[in-house]
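Asks: Heads up: the protein sequence lines correspond to chains R and U, in order. Counting with our numbering, you get residues 1 to 119 for the letters of the first sequence. Counting with our numbering, you get residues 1001 to 1802 for the letters of the second sequence.
Derived from the structure by calculation, the hints contain no laboratory data. Each hint should be verified, as a subset may be incorrect.
[What the hints assert, rightly or not] In silico BS3-like cross-links for lysine-lysine, where the CA-CA straight-line distance does not exceed 30 Å: (1) U/Lys1671 / R/Lys19; (2) R/Lys18 / U/Lys1643; (3) U/Lys1559 / U/Lys1488; (4) R/Lys19 / U/Lys1643; (5) R/Lys44 / R/Lys70; (6) U/Lys1189 / R/Lys92; (7) U/Lys1189 / U/Lys1280.
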Amino acid sequence: MKEILVIDDDNFVLESIKKQLKEEDMEVMFVDNPLTGLSIIDNKHFDLVLCDIKMEPMNGIEVLRNIKEKHPEVPVIILTGYVDDGLLEKAKDYGSSDFLIKPIRKRELIDSMYSVMTQ
Amino acid sequence: MNDIVNEQNKKKQELNCGVNIIPVIHYMETLFGIERTKDIVESLGLPMNFLKNRRNWVSYKFYVDLLQKLVDVTEDDKAPFKATFNVKPQSLFEEFYFATYSALLSESPKKGYKLAFSKNFYTKFTKIGDFELLDEGKSSLKVKLTLKEGYKQSKLNCLSVEGFITSFPIGWGLPPATIKHTECAAFGKDSCIYEISWKEYKNSYRLFRYILLLLFLGVESFLLYFKFIDMKDMIITSLLFGLLFLLIRYMNFFNRTKDEELFNYKKNVSIFEAMEKIEKDYNEILSMKIELETRNKFLTIINDVNDKISKIKDFNVLLLNVADILIDGFQFIKAAYFQVSPDGDSYVSNFEIDKTKTFQEKNKPTRISITSNDYEEYYKFYNFIDYKRLKETKSTSFLEWIGENNGVCIIPIETYDAYSGFYCFVYNNKIILNDKLILDLFSNIANQLKIGYEKISSVSIIENILSTIPASVLIFDKEKMSIKYFNKMFISNFEFLNIVGQIYGNKLFDILPFDEESKNFITNVLNIKNFDKENKNFQTTFQNRIFECNIFYLNDNGKEKLFGMVLTDITETKNFEQKIILNEKLLALGKAASGISHEINNPLYVVLANAEEISESKNVSPEIRQYADEIVDLIVNVSNVIKDLSTYSKNLRNERVDEVDLNLIIEEAFKIVKYSHNLLNVEIVKSFTTIPKIKSTKGEMEQIFINLFNNSLHAINNNGKIEVSTNFIDNKIQITVSDNGYGIKKEVIPYIFDLFFTTKKSGEGTGQGLHIVKKIVTKYKGTIEVKSEINKGTTFYINFSI
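Using the sequences and the accompanying hints, generate a full structural model.
Replies: Here it is as structure tokens:
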């Protein structure tokens, strides 16, 4: 069973992702606070982290950086509604495995997740 | 000698020697002696013994030559008069002969005159003319002398006639006559007219003699009657009395004054004096005329020089031209211009012209250096010139006749720099006119050249400036708007306009095709009162180039108001500006897009997820499922639109590159388009052939056709035909999308793929559709072309190479 962590401060988005992933063979944890998310990662192993960018108090790029510092083996997919090339580049630099822009279809999301996890 | 005599006899026998030649010879003999007179006279070609023979005749020409000789040797132009006036009897016999003759003739010279002027008499002495008595008074006569055809009256001849006439009364013991020569054939009249008046004896004197005679006769008769004397006695006493009478007459004759003082030449109003005065006046006028002509000539020269100065821009060429003018004006035979050398101590020739040589080397000046030490070399060329003196008199022009055959003229030209020097001209005809006039002219020319040089050098500075600034400069006058000046940049800037013909002198609006608005603006600017305060700049377009125009005012040169215009081509700048603006717009848009994207995308995600739920739910009817699917498709579409707004060049779409079948893509695109358009009245014609798959993303390929179909539907207004075909030819996938809509204007076609370019009304489109199409096509190494005709339709051709 794959363990997935989703961090997004918009609960509606979390709900949507939940709907899209509910039939998959995954155990998904939804967190709406980036700090909470970071501390959870410290305590638990995850196969994949899905992370938004625009968040308070810490944005997704920071979260990504943190994760990669402490747990470099954990792949992170940035899943954001934000359209900004600067951020995309940054995300790549800090080691995100993929960069997806909301909204994303269920099929494409799942494909992308498996693709990253099997790398 | 006989030959000469015979020859003379063969020539015309016109004047008798006795009356005409001998008096002149005698006069000369009294002045010069017999020997010298013989030499003088015989130099004319006839022997003295021939001439002294009264019976011989000579020609009129000889006579005039003799008189001229007389004038020359005596240096007295009155000599002919004096010669005939001083006719004296040469011997005692002649004396008595003349005395008796005149005594017998009459008391008064009048009869003598009349006799002399009668045809019978004068033809004995002259055959060249006729005398005619015009009028007579108590002691005056008016006589006309007309020379025959072919004989021209000479002043000398006239003088001798005067002399003869004036001296006539002396033969009566009376003082010389006074003569008024009122008309003279030597001065243009047909004949000579002489008014003669003389003194007669007093009547009382005559009366006395008659009384004496009567008394004598009375006494004689008385004595005879009273037989105191007889006839023999009477005859003797009468004879004696007659002799007494004669004696008295002789005494008068001999007492005539030979003294020339008696002869008051001044009393005779001779036409010659008047003529001489006129001649003197004439000479004065002539010299004035010559001076005027000279001044005129000089004026012409200075005008020519000034003309050259105003036209020629090169000082060397100007110096040469001015030298030519002066050479022509004064017939100089050599000319050169010597320029001060950089060290200031020597002169080097700028050019040299030698008119004495047939081959002119005007254009290839040789350089001859003159230093204070080796002016010998210079001497060789010009043969003279005192260099030292030249240095001293550097400031003024001078003329000097040097050597035997030549003169030199120096004109210094002061330009305060390298061109300073002097003209050196050589002449070989003595200039007889007023030197001062010439030197004034030269000073004038030197001054003009100096001013001209200043103008040229300043003009060339200005020219240099104006030719380097990257703007076109025009100067024109307000009145006619004709171009007075244009710089080099103008030519290159406006080459594209293909300006035909001369620019200088033509009107501004004829040269540059300003539009109406610009013309009005220019005309208004030219007429405003307070020039500095008003706006004088505007932009205008010629063909496709944009120019910034600035109008400026030049001080008027007295006769016309001059304005100038500076035109700068700002097409590139403007394009650049527009590109910057566009870029900024894009950036702004990108920023805006990215700013709000988050706000849009999150909620959309929710909608998408819900729609997916519905679509996959088992409790839902097919119809509902279909609706849900539509929702999903459209949401993806909308989110793609937002992503396309981003400036990010890489693919933001959540798609993987895959092998894509364009035929299927096209079908899909139609499906999506149907959602937003009513296609009831649209005929869709598809002609697909099997084409290989292309490596790209589904979404992007769909976007191409969605956008094209949207445009086509707009063009046909949802009422018409759309045709799509796919082909695989020459290793290329070819797709055409055409409609029969309103088409695209020819001028607009180059711009349709530009971002934000749209012909739709605001609100109807953002002008991005085709830009994105091209962006995607180009991204996958394809090409897109368009052909269109107004009201016929538009066709897009897309090619992808495999």
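Asks: Please name the hints from earlier in the document that this structure breaks, with their numbers sorted from lowest to highest.
Replies: Of the numbered hints given earlier, the structure breaks just one, which is hint 6.
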